[in-house]
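So the protein lines, in turn, are chains E and R.
Each residue of the first sequence is one higher than the one before, counting from 1 in the UniProt record's numbering.
Each residue of the second sequence is one higher than the one before, counting from 1 in the UniProt record's numbering.
Because the hints were derived from the structure by calculation, they are not lab data.
A couple of the hints might just be wrong.
To be verified - Computed from the model, here is a short list of chain E residues facing chain R with C-beta under 10 Å: (1) T52; (2) S55; (3) V56; (4) L74; (5) L80; (6) Q84.
To be verified - The calculated label-pair distances, taken between Cβ atoms and stated as ranges, are: (7) R:Q141 <-> E:S8: 47 to 53 Å; (8) R:D54 <-> E:G129: 34 to 40 Å; (9) E:L150 <-> R:K159: 15 to 21 Å; (10) R:I16 <-> E:S8: 48 to 54 Å.
Where is the CB? At the ideal position from N, CA and C, for every residue including glycine.
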Amino acid sequence: MNRSAVLSNTLMLTLLLGTTDSLAGALGTLLMFATVVGLYGLCMPALRPRLTENSVLLASILLAATFSSCADLLAQRWFLPWQQTFGLYVGLIALQCVVLENNGFWRQSQAERFKLFGLFGGLMLGLAGLRELVGHGSLGRGLFEHWPGLVVFSEGLHLITLIPGAFILLALLLAARQAMIRPNSISKETHRP
Amino acid sequence: MNRTASAFIVLLLAVIGIAATFFVQRINAPQIAAEQRLIESRKLLDLLPLDAYDNQPLEHPMALADTTLSHSTLTGGYRATERGQTVAILLRSQTQGYAGAIELLIAIDANGKLLGVKTLKQTETPGLGGHLGDWPNTWLQTFTGTSSKEPTDAGWALKKDQGQFDQVAGATITSRAVISAIHDALRYFDEHRAALLGSET
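This is chain E alone, in the form it adopts within the complex (with noise of 0.2 Å):
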């Protein structure tokens, strides 16, 4: 993968840390973003060999804008709470379908895809648990009305609700992660000549 393509993959970021404040939060985000890429997924195919090279930008960036647009629309008439506050995120979403188009997402095989839209739910839905859970000190506050969620504690600590704690939190997990999967991977180092 060259250079341009991890800046662009890191675009997923902001998606990711921006709308996990609470499991509600990234549940909505993930259900919008699967219909959008979807969507998109379902049309892209059949538009792409009737394409020159640059009309296809030119169309991805047309159909994006188009399903985000009108999903946004349709989580404003039935999830407003939710798109007065990841509204925002809405057009990250659209212009993640443009950088999928770029670096190869679509002609990947469907399992990888697959998986790969799995991994990227899981990590998002995981990080808004604990993001909940350590910040608020409850669990799927807001998903339903009239349901307080499952109060774990009564106060939690403010930062990890804040974009910088869950940057801390990513760098925790994927430090884990890291320990996971390579704990005998660094030999001691040796002085011998």
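We have chain E; now place chain R onto it with these hints.
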């Protein structure tokens, strides 16, 4: 690959995209506006329990007479009813705090008892008087259940002024202004009780 065909497809996509977005917006606009109104009114009215009233208080503002009170000004009034019975009167009150105007929404039940107070607008010092803007607000909750006669006129003041209420730490002027505004509103309710409760009772 044909360049013209490809350009035509892009053009078609643009037209379809714009049309689809336009129609989705047109179809959903009334429902979205209704949802927005509902959220706005809930935000304003969350000092009343949701099931306590069944009308849309904000859509029928009351005309108030003599709105200039001794320490504050009333800028609006709403009536919350359930099955035609008035359950609460909401008075929007404006008073002068330490740093600027404070706007409060004061809910009074039909017997003249205070149901709740909510700060709508304030520019007090952050960290001191600014705590007035927090919601839910424990200090404002201490007034719940009071009325214009209970405590007595002398009691309607800070402990510092030989009254019976605590103050917000470090914000004497803000606290005084809020207490006077609440007392004003309760007195106003007693004086204009018949007009406020209306013909439904």
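Tested hints:
no.: 1; hint: T52; in the structure: holds (5 Å)
no.: 2; hint: S55; in the structure: holds (5 Å)
no.: 3; hint: V56; in the structure: holds (9 Å)
no.: 4; hint: L74; in the structure: holds (7 Å)
no.: 5; hint: L80; in the structure: holds (4 Å)
no.: 6; hint: Q84; in the structure: holds (7 Å)
no.: 7; hint: R:Q141 <-> E:S8: 47 to 53 Å; in the structure: holds (51 Å)
no.: 8; hint: R:D54 <-> E:G129: 34 to 40 Å; in the structure: holds (37 Å)
no.: 9; hint: E:L150 <-> R:K159: 15 to 21 Å; in the structure: violated (41 Å)
no.: 10; hint: R:I16 <-> E:S8: 48 to 54 Å; in the structure: violated (27 Å)
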